[in-house]
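**Q** Sequence:
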Amino acid sequence: MDAVFKALADASRRELLDRLRAENGQTLGELCARLDMTRQAVSKHLVILEEANLVATVRRGREKLHYLNPVPIHEIAERWIGKFERGRLQALSDMKQALEARDE
4 MDAVFKALAD ASRRELLDRL RAENGQTLGE LCARLDMTRQ AVSKHLVILE EANLVATVRR
64 GREKLHYLNP VPIHEIAERW IGKFERGRLQ ALSDMKQALE ARDE
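In this note's numbering, the protein residues as written are 4 to 107.
Do not take every clue at face value.
With a straight-line cut-off of 30 Å between C-alpha atoms, the simulated DSS-like cross-links for lysine-lysine are [as the list claims (entries may be wrong)]: (1) LYS67 to LYS86; (2) LYS47 to LYS99; (3) LYS99 to LYS86; (4) LYS9 to LYS99; (5) LYS9 to LYS47.
For the record, the hints were derived by calculation from the structure and aren't laboratory data.
Given the structure is predicted, the values throughout are model-derived calculations rather than measurements.
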């Protein structure tokens, strides 16, 4: 999980993830065309994202396609945010039941 937090700590890497979320399966050239970074910088960021398992790659001929892997982010949400979400959902459910009981 430390690798995921390290990868997400950088704004450029978050921008790469946002671009993959918007349009999955991009090549390095496609990612570079839309960013104000050198090809080498984008490559280095992608390596860090791959090591954190946030980006998966698939070879298609000579091209290497990059795909967002949302699983590590989901795991962070479950571990760090999920418990707070459950409380709010329970409060909403309790409020709904109380309002429905009052209306009866």
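**Q** CA of LYS99 to CA of LYS86, is that 30 Å or under?
**A** Judged against 30 Å, a Cα distance of about 20 Å means the pair holds.
**Q** Does the alpha-carbon distance linking LYS67 and LYS86 stay inside the 30 Å limit?
**A** Roughly 38 Å between the alpha carbons, so the hint for LYS67 and LYS86 is violated.
**Q** Given the hint that LYS47 pairs with LYS99, test it: the Cα-Cα distance must not exceed 30 Å.
**A** violated (50 Å)
**Q** Take a quick look at whether LYS9 and LYS47 sit within 30 Å of each other, Cα to Cα.
**A** holds (14 Å)
**Q** With a cut-off of 30 Å on the C-alpha distance, tell me whether LYS9 and LYS99 pass.
**A** violated (41 Å)
The structure fails hints 1, 2, 4 (numbered hints given earlier, in ascending order).
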